[in-house]
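Going by my numbering, the residue at position 22 of the sequence shown is 22; the numbering climbs one at a time, nothing skipped.
Watch out, some of these pointers could steer you wrong.
[To be verified] Quick list of simulated restraints, FRET-style, between CB atoms:
| id | residue 1 | residue 2 | range |
| --- | --- | --- | --- |
| 1 | His34 | Lys5 | 41 to 47 Å |
| 2 | Val23 | Ala57 | 17 to 23 Å |
| 3 | Lys7 | Ala37 | 31 to 37 Å |
| 4 | Gly20 | Asn60 | 17 to 23 Å |
| 5 | Asn35 | Gly8 | 17 to 23 Å |
| 6 | Ile38 | Ala16 | 39 to 45 Å |
| 7 | Gly20 | Arg61 | 19 to 25 Å |
| 8 | Gly49 | Gly8 | 16 to 22 Å |
| 9 | Leu33 | Asn3 | 41 to 47 Å |
| 10 | Ala32 | Ala57 | 27 to 33 Å |
| 11 | His34 | Lys7 | 18 to 24 Å |
| 12 | Ala27 | Ala56 | 33 to 39 Å |
FYI, nobody ran anything at the bench for these hints, they're computed from the structure. Note that beta-carbon positions come from the ideal geometry of N, C-alpha and C, so glycine has one too.
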Amino acid sequence: MDNDKKKGEGMAIGIAIGMGTGVAIGAGLGVALHNLAIGIPLGISIGLGVGIAIGAALSNRPS
Numbered sequence: 001m002d003n004d005k006k007k008g009e010g011m012a013i014g015i016a017i018g019m020g021t022g023v024a025i026g027a028g029l030g031v032a033l034h035n036l037a038i039g040i041p042l043g044i045s046i047g048l049g050v051g052i053a054i055g056a057a058l059s060n061r062p063s
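Whole structure, please, built from the sequences with the hints as guidance.
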């Protein structure tokens with residue numbers, strides 16, 4: 001598998017995990033803060049940050 005394809009797949013997986021986690025965190029925060037309009041975007045931004053980190057780690061794994 002060529003390196004660019006592996007990087008793309010790693011980022012896609014990481015961002016997907018991050019978005020799913022972010023929505024869950026956001027819903028939890030939204031309920032805790034009694035304000036979903038703040039909680040969900042906050043959760044998604046946290047999730048995207050985590051997802052990009054996971055994606056970078058997956059992208060750099062040896063083949």
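* So the hint says 41 to 47 Å: do the beta-carbon atoms of Leu33 and Asn3 match that? -> holds, 42 Å
* Asked: Are Lys7 and Ala37 spaced within 31 to 37 Å by their CB atoms?
  -> Holds, at about 35 Å.
* At the C-beta level, are Gly20 and Arg61 separated by a distance inside 19 to 25 Å? -> Because 21 Å falls inside the window, the suggested range holds.
* **Assessment of proposed distance window 41 to 47 Å (beta carbons of His34, Lys5)** => The hinted range 41 to 47 Å holds for His34 and Lys5, with Cβ atoms some 45 Å apart.
* Starting from the hint 17 to 23 Å, judge whether the C-beta atoms of Val23 and Ala57 obey it. => holds, 21 Å
* **Consistency of beta-carbon spacing, Lys7 to His34, with hint 18 to 24 Å** => For His34 and Lys7 the Cβ distance comes to about 41 Å; the hint is violated.
* Taking the beta carbons of Ala27 and Ala56, is their distance inside 33 to 39 Å? -> Since Ala27 and Ala56 have Cβ atoms about 26 Å apart, the given range 33 to 39 Å is violated.
* To do: Please test the hint of 16 to 22 Å on the beta carbon pair from Gly49 and Gly8.
  => Distance hint for Gly49, Gly8 holds at roughly 19 Å.
* To do: State, for the Cβ atoms of Asn35 and Gly8, whether the hinted interval 17 to 23 Å holds or is violated.
  => violated, 36 Å
* Is it true that Gly20 and Asn60 lie within 17 to 23 Å of each other by Cβ? -> holds, 22 Å
* Asked: If you check the beta carbons of Ile38 and Ala16, does the distance land in 39 to 45 Å?
  -> Since Ile38 and Ala16 have Cβ atoms about 24 Å apart, the given range 39 to 45 Å is violated.
* Measuring from beta carbon to beta carbon, are Ala32 and Ala57 in 27 to 33 Å? -> holds, 29 Å
Hint compliance for this structure: hints 5, 6, 11, 12 are broken, all remaining hints hold.
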